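K.L.:
With the hints as constraints, model all of the structure from the sequences given.
Now for the letters of each chain:
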Amino acid sequence: MPQTLKEVDVVVIGVGFAGSILAKELAASGLKVVGLERGHSRHSVPDFQAPAIHDELKYSIRKGMMQDVTREAMTFRNHYREVALPMRQWEAFLPGTGLGGCGVHWNGQSWRYHEEEFIYKTHIEQRYGKKILDPDLRIQDWGVTYQELEPYYDRFEYLLGVCGKAGNLNGKIEAGGNPLEAPRSREYPNPPMKEQYSGALFRKAASELGYHPFLQPSANSTRPYTNPEGLTLNPCVYCGFCERYGCEHFAKASPQTVILPVLMKNPNFELRTESQVLRINLDSTGKKATGVSYMDAHGREFEQPASLVLLTAFALNDVRMLLLSGIGKPYEPTTETGVVGRNYAYQTQSYVPTFLGEDVHLNSYMAGGASGTVIDDFSVDNFDHSSLGFIGGCYVLCGSTNARPVEFHPTPPGTPRWGRKWKDAVRQHYNHTAIFNLSGTSTSMRGNYLDLDPTYRDAWGLPLLRITFDFPDNDVRMSRFVTHKASEIARQMGAKIVVDSPRTGPFTTTSYQSTHNTGGAVIGADPSTSVVNRYCQSWDVPNVFVVGACNYPQNSSYNPTLTLGALIYWTADALKTRYLKRPGPLV
Amino acid sequence: MSDGPSSNSRRNFLRSSLVLISTATLAGEAPALLGSARAEETRRFLNESERRFLLAAVDRLIPADERWPGAAEAGVVNYIDLQMAGAWGGGEMLYRHGPFRKGTPTQGYQLEYTPAELFRRSILAINAHFASQAKSFDQLPSEEKDAYLSSLEKGDIDLDGVPSNTFFDFLLQHTVEGFFSDPIYGGNKNKLAWKMIGFPGAYADYHDLIDKHGVEFHREPLSIADGPGYHSMNSGTGGK
Numbered sequence: 001m002p003q004t005l006k007e008v009d010v011v012v013i014g015v016g017f018a019g020s021i022l023a024k025e026l027a028a029s030g031l032k033v034v035g036l037e038r039g040h041s042r043h044s045v046p047d048f049q050a051p052a053i054h055d056e057l058k059y060s061i062r063k064g065m066m067q068d069v070t071r072e073a074m075t076f077r078n079h080y081r082e083v084a085l086p087m088r089q090w091e092a093f094l095p096g097t098g099l100g101g102c103g104v105h106w107n108g109q110s111w112r113y114h115e116e117e118f119i120y121k122t123h124i125e126q127r128y129g130k131k132i133l134d135p136d137l138r139i140q141d142w143g144v145t146y147q148e149l150e151p152y153y154d155r156f157e158y159l160l161g162v163c164g165k166a167g168n169l170n171g172k173i174e175a176g177g178n179p180l181e182a183p184r185s186r187e188y189p190n191p192p193m194k195e196q197y198s199g200a201l202f203r204k205a206a207s208e209l210g211y212h213p214f215l216q217p218s219a220n221s222t223r224p225y226t227n228p229e230g231l232t233l234n235p236c237v238y239c240g241f242c243e244r245y246g247c248e249h250f251a252k253a254s255p256q257t258v259i260l261p262v263l264m265k266n267p268n269f270e271l272r273t274e275s276q277v278l279r280i281n282l283d284s285t286g287k288k289a290t291g292v293s294y295m296d297a298h299g300r301e302f303e304q305p306a307s308l309v310l311l312t313a314f315a316l317n318d319v320r321m322l323l324l325s326g327i328g329k330p331y332e333p334t335t336e337t338g339v340v341g342r343n344y345a346y347q348t349q350s351y352v353p354t355f356l357g358e359d360v361h362l363n364s365y366m367a368g369g370a371s372g373t374v375i376d377d378f379s380v381d382n383f384d385h386s387s388l389g390f391i392g393g394c395y396v397l398c399g400s401t402n403a404r405p406v407e408f409h410p411t412p413p414g415t416p417r418w419g420r421k422w423k424d425a426v427r428q429h430y431n432h433t434a435i436f437n438l439s440g441t442s443t444s445m446r447g448n449y450l451d452l453d454p455t456y457r458d459a460w461g462l463p464l465l466r467i468t469f470d471f472p473d474n475d476v477r478m479s480r481f482v483t484h485k486a487s488e489i490a491r492q493m494g495a496k497i498v499v500d501s502p503r504t505g506p507f508t509t510t511s512y513q514s515t516h517n518t519g520g521a522v523i524g525a526d527p528s529t530s531v532v533n534r535y536c537q538s539w540d541v542p543n544v545f546v547v548g549a550c551n552y553p554q555n556s557s558y559n560p561t562l563t564l565g566a567l568i569y570w571t572a573d574a575l576k577t578r579y580l581k582r583p584g585p586l587v
Numbered sequence: 001m002s003d004g005p006s007s008n009s010r011r012n013f014l015r016s017s018l019v020l021i022s023t024a025t026l027a028g029e030a031p032a033l034l035g036s037a038r039a040e041e042t043r044r045f046l047n048e049s050e051r052r053f054l055l056a057a058v059d060r061l062i063p064a065d066e067r068w069p070g071a072a073e074a075g076v077v078n079y080i081d082l083q084m085a086g087a088w089g090g091g092e093m094l095y096r097h098g099p100f101r102k103g104t105p106t107q108g109y110q111l112e113y114t115p116a117e118l119f120r121r122s123i124l125a126i127n128a129h130f131a132s133q134a135k136s137f138d139q140l141p142s143e144e145k146d147a148y149l150s151s152l153e154k155g156d157i158d159l160d161g162v163p164s165n166t167f168f169d170f171l172l173q174h175t176v177e178g179f180f181s182d183p184i185y186g187g188n189k190n191k192l193a194w195k196m197i198g199f200p201g202a203y204a205d206y207h208d209l210i211d212k213h214g215v216e217f218h219r220e221p222l223s224i225a226d227g228p229g230y231h232s233m234n235s236g237t238g239g240k
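Protein chains in written order, with our numbering: chain A, 1 to 587; chain B, 1 to 240.
There may be inaccurate statements among the hints.
Pairs of lysine-lysine, DSS-like flavour, derived with a Cα cap of 27 Å [as the list claims (entries may be wrong)]: (1) 121/A x 485/A; (2) 421/A x 154/B; (3) 212/B x 496/A; (4) 6/A x 287/A; (5) 485/A x 204/A; (6) 421/A x 496/A; (7) 58/A x 195/B; (8) 172/A x 131/A; (9) 154/B x 102/B; (10) 63/A x 195/B; (11) 102/B x 63/A; (12) 287/A x 329/A; (13) 135/B x 154/B; (14) 204/A x 165/A; (15) 576/A x 204/A; (16) 195/B x 212/B; (17) 287/A x 581/A; (18) 58/A x 191/B; (19) 204/A x 212/B; (20) 165/A x 421/A; (21) 32/A x 287/A; (22) 121/A x 131/A; (23) 145/B x 421/A; (24) 135/B x 145/B; (25) 204/A x 172/A; (26) 212/B x 165/A; (27) 329/A x 121/A; (28) 191/B x 421/A; (29) 195/B x 496/A; (30) 581/A x 32/A; (31) 6/A x 265/A; (32) 287/A x 576/A; (33) 63/A x 145/B; (34) 485/A x 496/A; (35) 6/A x 576/A; (36) 421/A x 212/B; (37) 576/A x 265/A; (38) 288/A x 581/A.
To be clear, the hints were calculated from the coordinates, so they are not data collected in a lab.
Since we're looking at a predicted model, the values are computed, not measured.
P.N.:
Shown next as structure tokens:
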């Protein structure tokens with residue numbers, strides 16, 4: 001028999017960036033908040049300390065910080081006519097687990113989205129007409145605008161201590177920054193990171209070709225910085241163990257460094273780790289959540305009643321929890337009915353390995369997670385697509401996040417995979433090869449979606465999430481175009497060998513690309529095409545709010561975290577100033 | 001083979017051996033010869049015939065050269081032995097619920113075997129294949145070893161239920177892992193794989209170096225086993 005616990009005001013499912021910030025805001029407003037985290041508690045000291053944290057095998061190869069795949073996997077297929085099979089280990093993307101969530105193992109690349117991305121469908125159709133869109137594409141507007149989110153972007157940047165140089169300050173173009181960025185209301189809280197050698201070579205070549213290079217905005221601090229919560233970050237030492245690792249230096253912004261110490265001190269908040277939420281419980285009308293059911297590490301089941309449920313468990317897990325709880329109608333791709341799981345998208349990554357020759361010593365292991373010099377000239381809709389026959393784009397970044405050798409040992413095309421020639425090539429190119437990273441838009445498409453798997457189950461007997469995804473032709477054409485442009489820059493750098501390698505289909509689960517899984521519980525103005533309203537509130541069960549990259553109706557060129565931060569504070573504000581005064585639908 | 005090239009090869013071999021030894025002596029970090037390596041065998045999972053096959057196979061995947069050790073000298077077989085004896089080998093890091101079905105290439109590994117079972121099953125089939133011809137893989141000349149490994153790589157052979165390319169990819173993956181991982185895992189002996197490419201290992205403080213563009217940075221690589229002596233954070237200030 002599950003034990004019913006004392007009712008609280010708010011239960012938060014998943015204590016990463018979204019969970020910890022929302023919990024902090026609501027606990028500070030006087031509400032009793034319980035945070036349920038399925039993973040372990042962990043902190044910069046002692047859990048992320050050197051030298052043990054610099055263990056490539058444990059963290060990068062065996063995925064030491066990721067969701068326990070033995071208990072909760074996901075299934076995958078490229079097309080809904082195929083049979084999905086479990087991803088038996090994490091490769092293509094890396095969902096985190098444990099206190100702080102993905103906010104612990106991210107790189108810290110900190111991008112705002114563009115104004116037109118929030119009105120993407122309207123903007124694209126106005127600029128190019130409807131004919132530019134392939135019939136299967138399903139882009140849409142967010143129902144919230146950049147102008148509305150700008151103050152919340154700003155707040156999140158100051159929480160993290162983001163390092164960069166403004167390129168557009170209230171509409172005025174600033175030297176040294178990204179002239180193509182959306183207007184920001186004030187300068188970044190900290191100056192940009194140091195430029196790597198490969199980035200400096202890229203900057204010169206990109207400038208010569210007429211592009212606009214700048215240093216990527218970063219949440220790896222560049223100087224001692226005390227955030228508005230009173231927590232202090234140290235400067236990054238460019239250790240080269242950032243993504244997939246926790247930061248030993250208090251330099252990477254993570255929930256542990258920028259918010260949790262404040263939250264944990266508030267007696268209105270209680271953290272329960274190793275607590276696996278099984279479902280959100282609804283009353284007999286199905287329109288109101290009564291709380292959640294969860295199981296602890298001893299296998300004891302509890303019911304935690306709450307007036308308000310915040311679902312902040314990572315994009316993919318949020319969608320699965322809605323489906324397991326029967327909140328919202330599941331999407332069906334042949335009839336295009338239902339909404340939960342609709343518009344799942346990803347990131348169209350491609351790479352340009354650039355072999356510079358043995359006299360160029362790049363020392364790529366000297367790297368912050370968000371190191372890199374970048375151009376924004378080919379992102380999203382920063383260039384004219386009228387004659388190109390596709391929408392979307394990529395930012396083009398040159399720099400390194402690491403040179404850990406199990407993962408990184410580039411060899412030129414034609415090199416055998418093993419043997420003496422392979423070994424010689426690894427030695428010759430290891431310290432002399434830059435790899436451009438192109439982060440590309442992922443356009444939502446009718447057949448790409450999330451639902452529950454009919455066959456495979458987790459350790460608690462519940463159906464796994466099933467992912468159905470392949471790259472839309474539009475995105476393959478986009479990747480080909482932008483990757484060729486990037487290769488021109490690589491050749492301008494004087495590279496001996498440039499490997500022009502655009503992303504091609506089919507999507508495969510077997511190699512890492514990105515953990516920017518988006519959509520499935522998208523935000524919008526129309527309940528027939530969205531799961532949550534403009535305040536991230538469930539259309540169907542108004543005392544459930546879902547905040548994650550699952551809200552994105554399609555995916556941008558840019559890394560998703562900063563936009564998620566803006567949505568978190570936007571939602572916190574709506575909860576505090578409107579919902580709590582009058583609980584009920586906000587739209 | 002005619003006498004000429006053969007004696008040439010022999011002379012070349014001798015010359016390279018001398019170079020190898022003298023370099024190693026000068027550097028003071030002799031790649032362990034196979035004989036003395038026997039004493040350091042970990043013997044946690046692999047049996048004698050598995051070890052013999054793996055020693056010969058990884059020696060072809062990453063061979064020794066005049067200056068740098070290959071996978072065999074670097075201890076990669078010990079690495080594999082320890083990995084297979086542990087949680088990874090036992091399948092405790094994989095989702096292992098059935099039904100097991102053959103998937104598309106994009107769906108990744110779908111066999112029911114744990115990594116340890118996959119290794120054992122495949123090597124047993126390989127050893128049986130050679131035994132049936134009264135041969136042993138490790139006794140083949142290098143060219144024949146390479147040819148056989150290539151046929152495994154192509155996936156032409158069924159290794160008692162394991163497609164040979166699945167086994168080959170798995171073997172190559174573990175060979176590279178063992179070669180380049182921290183020596184605490186049994187391979188990368190004396191950090192020589194890191195020295196070969198110039199990776200400083202677990203050392204990680206480049207604040208004052210990252211913008212010195214183009215410098216040649218030489219530093220003794222740091223293993224996790226070397227301890228926290230080089231620098232470590234105190235409690236920091238973020239936890240305040």
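K.L.:
Please go over all the hints and tell whether each is borne out by the structure.
P.N.:
Each hint tested on the structure:
With a CA separation close to 26 Å, the supplied pair residue 121/A and residue 485/A stays within the 27 Å bound. For the hint pairing residue 421/A with residue 154/B, the CA-to-CA distance comes to about 19 Å; that is within 27 Å, so the pair holds. Restraint check for residue 212/B and residue 496/A: satisfied, since their Cα atoms lie roughly 23 Å apart, inside the 27 Å limit. Under the criterion of a C-alpha separation no larger than 27 Å, the hint pairing residue 6/A with residue 287/A is consistent with the structure, at around 22 Å.
Pair hint residue 485/A plus residue 204/A holds up; C-alpha atoms about 15 Å apart against a cutoff of 27 Å. Between the alpha carbons of residue 421/A and residue 496/A the distance comes to roughly 18 Å, so the proposed pair stays at or under 27 Å and holds. A threshold of 27 Å between alpha carbons decides the hint, and for residue 58/A with residue 195/B the separation of about 21 Å falls inside it, so the pair holds. Proposed proximity of residue 172/A and residue 131/A is contradicted: the alpha carbons are some 34 Å apart, above 27 Å.
A C-alpha spacing of about 18 Å is found between residue 154/B and residue 102/B, which places the hinted pair at or below 27 Å, so the restraint holds. Of the supplied pair hints, the one linking residue 63/A and residue 195/B holds, its CA atoms being roughly 25 Å apart against a limit of 27 Å. Simply put, residue 102/B and residue 63/A have alpha-carbon atoms about 25 Å apart, close enough for the 27 Å limit, and the pair holds. For a cut-off of 27 Å, the pair hint linking residue 287/A to residue 329/A stands: about 13 Å separates their Cα positions.
At most 27 Å may separate the alpha-carbon atoms for a hinted pair to count; residue 135/B and residue 154/B meet this at roughly 22 Å. Between the alpha carbons of residue 204/A and residue 165/A the distance comes to roughly 18 Å, so the proposed pair stays at or under 27 Å and holds. A C-alpha spacing of about 48 Å is found between residue 576/A and residue 204/A, which places the hinted pair above 27 Å, so the restraint is violated. The suggested pairing of residue 195/B with residue 212/B holds, with an alpha-carbon distance near 21 Å, which does not exceed 27 Å.
Of the pairs offered as hints, the one joining residue 287/A and residue 581/A holds, with about 20 Å between alpha carbons and a cut-off of 27 Å not exceeded. For a cut-off of 27 Å, the pair hint linking residue 58/A to residue 191/B stands: about 17 Å separates their Cα positions. For a cut-off of 27 Å, the pair hint linking residue 204/A to residue 212/B stands: about 17 Å separates their Cα positions. For the suggested pair residue 165/A and residue 421/A, the alpha carbons sit about 44 Å apart, so the restraint of at most 27 Å is broken.
Between residue 32/A and residue 287/A the alpha-carbon distance is near 23 Å, which keeps this suggested pair within the 27 Å criterion. A distance of roughly 12 Å separates the Cα atoms of residue 121/A and residue 131/A; the hinted pair therefore holds under the 27 Å criterion. Distance check on the hinted pair: residue 145/B and residue 421/A sit about 16 Å apart at the alpha-carbon level, within 27 Å; holds. For the proposed pair residue 135/B and residue 145/B, the alpha carbon gap of about 12 Å is at most 27 Å, so the pair holds.
Under the criterion of a C-alpha separation no larger than 27 Å, the hint pairing residue 204/A with residue 172/A is consistent with the structure, at around 24 Å. Of the supplied pair hints, the one linking residue 212/B and residue 165/A holds, its CA atoms being roughly 22 Å apart against a limit of 27 Å. Only pairs whose Cα atoms come within 27 Å are accepted, and residue 329/A paired with residue 121/A is accepted, the gap being roughly 24 Å. Among the hinted pairs, residue 191/B with residue 421/A is consistent with the structure: their alpha-carbon atoms are about 21 Å apart, no more than 27 Å.
Note on residue 195/B and residue 496/A: the hinted pairing holds, with a Cα-Cα distance of about 25 Å set against a maximum of 27 Å. Distance hint between residue 581/A and residue 32/A is fulfilled; the C-alpha atoms sit about 16 Å from each other, no more than 27 Å. Between the alpha carbons of residue 6/A and residue 265/A the distance comes to roughly 21 Å, so the proposed pair stays at or under 27 Å and holds. At roughly 22 Å between alpha-carbon atoms, residue 287/A and residue 576/A fall within 27 Å of each other, so this suggested pair holds.
For the hint pairing residue 63/A with residue 145/B, the CA-to-CA distance comes to about 33 Å; that exceeds 27 Å, so the pair is violated. Between residue 485/A and residue 496/A, the direct Cα distance comes to roughly 17 Å. Compliance with the 27 Å bound is thereby established for this hinted pair. For the suggested pair residue 6/A and residue 576/A, the alpha carbons sit about 23 Å apart, so the restraint of at most 27 Å is met. Taking the CA atoms of residue 421/A and residue 212/B, the gap is near 32 Å; set against the 27 Å cutoff, the hint is violated.
In summary, the hint linking residue 576/A to residue 265/A is supported, as the alpha carbons are separated by about 20 Å, within the 27 Å threshold. Our distance criterion of 27 Å between C-alpha atoms is met by residue 288/A and residue 581/A, whose separation comes to about 17 Å.
Violated hints, listed in ascending order, are 8, 15, 20, 33 and 36; each of the other numbered hints is respected by the structure.
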